[in-house]
Amino acid sequence: MLPIRAEFPKGFVFGASTSSYQIEGHAQGGAGRTHWDDFAATPGNVVRAENGSRACDHYNRYEEDFDLLAKMGVDAYRFSTSWARVLPEGRGKPNPEGLDFYDRLVDAMLERGLKPFPTLYHWELPSPLADLGGWRNRDIAEWFGDFTKVIMGRIGDRVHAAAPINEPWCVAWLSHFMGLHAPGIRDIRAAARAMHHVLLAHGRSIEVMRGLGMKNLGAVTNHEWPLPADGTEEAAKAAHLYDGIYNRWFLSGIYSGTYPADVLEGLEPHMPTNWQDDMKAISAPVDWAGINYYTRKLISPGESGLFGDFKEGVGDLPQTTMGWEIYPEGLYQMIKRVGDAYARNIPIYVTENGMSAADVVRNGAVNDQHRIDYLQQHLGVVKRAIADGTDVRGYFIWSLLDNYEWALGYEKRFGLIHVDFDTLERTPKASYDALKKALAK
1 MLPIRAEFPK GFVFGASTSS YQIEGHAQGG AGRTHWDDFA ATPGNVVRAE
51 NGSRACDHYN RYEEDFDLLA KMGVDAYRFS TSWARVLPEG RGKPNPEGLD
101 FYDRLVDAML ERGLKPFPTL YHWELPSPLA DLGGWRNRDI AEWFGDFTKV
151 IMGRIGDRVH AAAPINEPWC VAWLSHFMGL HAPGIRDIRA AARAMHHVLL
201 AHGRSIEVMR GLGMKNLGAV TNHEWPLPAD GTEEAAKAAH LYDGIYNRWF
251 LSGIYSGTYP ADVLEGLEPH MPTNWQDDMK AISAPVDWAG INYYTRKLIS
301 PGESGLFGDF KEGVGDLPQT TMGWEIYPEG LYQMIKRVGD AYARNIPIYV
351 TENGMSAADV VRNGAVNDQH RIDYLQQHLG VVKRAIADGT DVRGYFIWSL
401 LDNYEWALGY EKRFGLIHVD FDTLERTPKA SYDALKKALA K
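Counting in the working numbering, the sequence shown runs from 1 upward without gaps.
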């Protein structure tokens, strides 16, 4: 049974998260091409070469989706804005249809009593900017600042909270070192520069939003809880370095204005000139810390011995269909760690947490008791962290809808609402109904 609303502090925010490219349907409304369109059009990159052209058609069905969201009883909706929908060339002339769409979106949330929590960027870089080097090019911080001014100049007066960039580790390391997401690069120099520029863009966006008079601005970083795969010293060192690349680099950069020495040892030869001069901008004060958490990893050294080469293992815990172990204790530990060592005097939101499963509709219903159990366990550790003194203000479930799961196409289902990707029919799952009961006021 899920914890009920009354078990959390007064004003605690319950919400659901999505992202633009994963649900909207990018091939409509005048949106420009993105590097995800290009990545998906390259053989072997995405399951069945699927892309976000139609996705869940949220662009046309957002009223229906928001009605379902509001009926579930949540307080807030965390969504993202598409850079290429607003600025099809990445710079220059805005697309009126794109701005009008996000205008309508925010108004529709407010009409239903939902607090808008936009994240400006969730991975779909305009292709013309990718042509100019994308996240490898320092100019992207200014490009992103200009985009921030355009979109938040339109909707920033009505949003409850905002953050610049979703999961900078994915934007930089996963996409430029491991090559698993767009732009699909495997190059340490590219990765080092992206690791820095994504944080510089974050800081520039915060500065622009402050200039617009906006408040309640945060950062959204993603985290795994790394543990040594065995009792050897080598595994312990590898897990610590993995933690540095995945967790400490971004947390320390944003909240302390420094980079961890062990990660710098490997990346500094590849960093842009005078990167140190950017740390003040990167660590511009924010009002809250967002944590995205899904799993732990059991880490040992990779075979090459090169910096950044790890063997990622899983243990004997239950797994989601992503192959991710279900480890609620990692969320507790991450909340405590961020609160104690990094965020310090600002509140924390769990901005993403959820599970993928092989959910199917049978007799008009989806029995996802597995997701109810997952949410019960993770909400339980959020309660525990609050009881232990950490200022946690909200929890957002990933995701409202089954959607486009990037390189894994449409087969990984994270949603509280099932989407038939042929008919686009929405079917609320059992987890939706359980949350509706738990959140009743």
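Source of the hints: derived by calculation from the structure; they are not laboratory data.
Please note: incorrect hints may appear among the correct ones.
Label-pair distances were calculated between CB atoms; the ranges are [claimed, not checked]:
#1 T232 with L424: 47 to 53 Å
#2 D67 with G213: 29 to 35 Å
#3 G213 with D131: 42 to 48 Å
List time: in silico DSS-like cross-link candidates among lysine-lysine, alpha-carbon distance up to 25 Å [said to hold, decoys possible]:
#4 K383 with K10
#5 K237 with K10
#6 K71 with K437
#7 K149 with K115
#8 K436 with K71
#9 K93 with K10
#10 K280 with K10
#11 K311 with K10
#12 K237 with K149
#13 K311 with K237
#14 K437 with K115
#15 K441 with K311
#16 K412 with K10
Don't be surprised by glycine CBs; every beta carbon is placed ideally from N, CA and C.
Each hint, compared with the structure:
1. T232 with L424: 47 to 53 Å: This hint holds: roughly 51 Å between Cβ atoms.
2. D67 with G213: 29 to 35 Å: Since D67 and G213 have Cβ atoms about 32 Å apart, the given range 29 to 35 Å holds.
3. G213 with D131: 42 to 48 Å: violated (34 Å)
4. K383 with K10: Between K383 and K10 the Cα gap is close to 13 Å, so the pair holds against 25 Å.
5. K237 with K10: Since the Cα atoms of K237 and K10 sit roughly 42 Å apart, the hinted pair is violated (cutoff 25 Å).
6. K71 with K437: holds (11 Å)
7. K149 with K115: holds (21 Å)
8. K436 with K71: Measuring from Cα to Cα gives roughly 7 Å; hence the hint holds.
9. K93 with K10: Since the Cα atoms of K93 and K10 sit roughly 44 Å apart, the hinted pair is violated (cutoff 25 Å).
10. K280 with K10: Measuring from Cα to Cα gives roughly 35 Å; hence the hint is violated.
11. K311 with K10: violated (43 Å)
12. K237 with K149: violated (43 Å)
13. K311 with K237: holds (12 Å)
14. K437 with K115: holds (20 Å)
15. K441 with K311: The hint is violated at about 47 Å.
16. K412 with K10: At roughly 34 Å apart (the allowed maximum being 25 Å), K10 and K412 break the hint.
Comparing the model with each earlier hint shows violations of hints 3, 5, 9, 10, 11, 12, 15, 16; every other hint is respected.
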